[in-house]
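Enquirer: What follows is each chain in one-letter form.
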Amino acid sequence: MTRDRLDDLLQRALETGAIPPEAAADECAELERLLAARADIETIRAGIDAEAADALPAARARFQRYLAAQRPAPVEVRAAAARPGRFERLFGGRRLSLAGSLAAILLVAAVALFVSRPFHGAQQVQALGVDDYVQLTGTVAAADASGLTIETAEFGRVAVAASGATFLDAAGAVMDRPPRPGEAVSVAGFVRDARQGRLAIDGQTVALAAALPGGDGRPLERLAAPAEGTVTLVAIDRDGKEARAVILLPDGRRALVEVDVDSLGQLLAATGSPLGSKVKIDQPGGRLLEMRLDPLPGGHDGDGDGHHRDGPPLTRLTGTLQNVSATGFTLQAADGPVQVVRRPRLKILPGESGLTMADLRGGASIEGYTATVAGGFDPRTGAFIAELVVLGPKP
Amino acid sequence: MREPGEGPHEPTHEGDQADADLAARAARREPAAWEALFDAHYRRIYAYLRFRLASPDEAEDLASQVFETAYARADAFDYRGVPIEAWLLGIARNLARDVIKKRIRRGPTDDLEAADLAGALADDDPAPAIQLRSDLAGALRCLTEDQREVIRLRFLLDKSVAETAHLMDRSEDAVKNLQRRALAALHRALGGEAYPAGGGA
Numbered sequence: 001m002t003r004d005r006l007d008d009l010l011q012r013a014l015e016t017g018a019i020p021p022e023a024a025a026d027e028c029a030e031l032e033r034l035l036a037a038r039a040d041i042e043t044i045r046a047g048i049d050a051e052a053a054d055a056l057p058a059a060r061a062r063f064q065r066y067l068a069a070q071r072p073a074p075v076e077v078r079a080a081a082a083r084p085g086r087f088e089r090l091f092g093g094r095r096l097s098l099a100g101s102l103a104a105i106l107l108v109a110a111v112a113l114f115v116s117r118p119f120h121g122a123q124q125v126q127a128l129g130v131d132d133y134v135q136l137t138g139t140v141a142a143a144d145a146s147g148l149t150i151e152t153a154e155f156g157r158v159a160v161a162a163s164g165a166t167f168l169d170a171a172g173a174v175m176d177r178p179p180r181p182g183e184a185v186s187v188a189g190f191v192r193d194a195r196q197g198r199l200a201i202d203g204q205t206v207a208l209a210a211a212l213p214g215g216d217g218r219p220l221e222r223l224a225a226p227a228e229g230t231v232t233l234v235a236i237d238r239d240g241k242e243a244r245a246v247i248l249l250p251d252g253r254r255a256l257v258e259v260d261v262d263s264l265g266q267l268l269a270a271t272g273s274p275l276g277s278k279v280k281i282d283q284p285g286g287r288l289l290e291m292r293l294d295p296l297p298g299g300h301d302g303d304g305d306g307h308h309r310d311g312p313p314l315t316r317l318t319g320t321l322q323n324v325s326a327t328g329f330t331l332q333a334a335d336g337p338v339q340v341v342r343r344p345r346l347k348i349l350p351g352e353s354g355l356t357m358a359d360l361r362g363g364a365s366i367e368g369y370t371a372t373v374a375g376g377f378d379p380r381t382g383a384f385i386a387e388l389v390v391l392g393p394k395p
Numbered sequence: 001m002r003e004p005g006e007g008p009h010e011p012t013h014e015g016d017q018a019d020a021d022l023a024a025r026a027a028r029r030e031p032a033a034w035e036a037l038f039d040a041h042y043r044r045i046y047a048y049l050r051f052r053l054a055s056p057d058e059a060e061d062l063a064s065q066v067f068e069t070a071y072a073r074a075d076a077f078d079y080r081g082v083p084i085e086a087w088l089l090g091i092a093r094n095l096a097r098d099v100i101k102k103r104i105r106r107g108p109t110d111d112l113e114a115a116d117l118a119g120a121l122a123d124d125d126p127a128p129a130i131q132l133r134s135d136l137a138g139a140l141r142c143l144t145e146d147q148r149e150v151i152r153l154r155f156l157l158d159k160s161v162a163e164t165a166h167l168m169d170r171s172e173d174a175v176k177n178l179q180r181r182a183l184a185a186l187h188r189a190l191g192g193e194a195y196p197a198g199g200g201a
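Protein chains in written order, with UniProt numbering: chain A, 1 to 395; chain B, 1 to 201.
Don't read these hints as lab results, they were simulated from the structure.
Backbone N, C-alpha and C fix where the C-beta goes; we use that ideal spot for every residue, glycine too.
Hints should not be assumed to be uniformly reliable.
[What the hints assert, rightly or not] So the derived list for chain A, only partly shown, Cβ under 8 Å to chain B, looks like this: (1) D7; (2) L34; (3) A37; (4) R38; (5) R60; (6) R62; (7) F63; (8) Q64; (9) Y66; (10) Q70; (11) T370.
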């Protein structure tokens, strides 16, 4: 048995999947050991391949955004006018007449009227961005093997890819079937496409939920003053620096609010999902667009297990994170340990841990931190499938 | 200095006209060509990086950076038969090393090759670096970086011996020898019985 011969025998065994017949007994024994080691490598491939497939949609959206940003800006070209245009002639110097003045006044008035109206499309685009983590509600309009289409009050139809999603029933337990057309759902996931009319979300959790009030059908408005209302959507950008919410105001209007990320983290920790919670919008320090979502007493029932009357049935657990790995962790709760399944794209917010999003993205350990975990129990395995983790300080 | 697989080489494969056309369009920075490249290669670039880095988020971020870096350098890419994926893998390798070196300067890390780069093997029980069994993660730390690289390329990315030889700037015979020694070292590190030290070599 020479090294070269063994190299060749191994290569042939790898190519064919079988040990070459001419291998001697001692060579066979050695090749079996080598192939067993290769089989160990195979055990991790499936996991990595699944992670890669899961990461692809958001990564593709990021790259498309990058490509769009690289395109050269249009160059302004000034053409020499051979003769005055119609507009120029109308307002041009000595030829400005009474009729021209009236036309100008009417034109200015029309423009003022147009810009003072809520601009539906622009507000929609600002509400969500690619890679945002988002929770929103809607009614299932269509369902097939690839996912759902839901009708939302904020954006109309939204496509939800649900191949990797967990479906929860009204009690917060994992169910086998996707929601059916006509059922009200809450969706948590990541925005894949934020273009107007093409909104698409990679769903992580789709839960049957009580239908939230639909509002008066008017387009979104931007809220710039203290107010109270019901949360119908929350979104956090990829870097955890910006957060937005849509609030249904008592008079039926829907308002888009840029909220303080920490206050939204606190609300998520308190509720699991704030959808359906009644909140108060404040302006601490009097700074515009940096408002806080503060739950009002009675905004959710605060029964301690995360269920709140009008929101999605996410269960909320609190405890200390232990045995953290890429696939899960143990949550040491007050009444015992809970095994938690962790998705590759599980959203983790630093909360009051002292860590930053940059730390978390860099792989900082979350072992030993207290945390609130929102998700649902799988009755078949007894495991808890996490949708969101908000960290707290170490005990 | 160029890493193997990153710079121009003489053709090693018979011209794949479609690949060459795609490379030419990519060099002109046609968005559609880059979207096609991304869809064709992202998963394998992610897998390559994921095998090296402890954090899936970081692997995802770095995989995206690979394509952004490649796009920025598009006009410098000289196709001449070099598979595009080899070029992307070369960029991925350099980015991963930069990240790991920075992390080593900051403190302990779970990345698989960090121990080699730091000049010391980790003695503590490492957290699984991938979705690995902890014994496999520990065993991989006992391999040299060359051995891990041949495992990544041959058994994770399914590169042929010839492609691996090209990417590692080695002969095919050297790759065959290296893959045998890598598997033997892995088997031994996993507690394999009756295997001579040195992987039988």
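Enquirer: None of the hints should be skipped; say for each whether it holds.
Expert: Here's how the hints hold up against the structure:
no.	hint	verdict
1	D7	holds (4 Å)
2	L34	holds (4 Å)
3	A37	holds (4 Å)
4	R38	holds (6 Å)
5	R60	holds (6 Å)
6	R62	holds (5 Å)
7	F63	holds (5 Å)
8	Q64	holds (7 Å)
9	Y66	holds (5 Å)
10	Q70	holds (7 Å)
11	T370	violated (19 Å)
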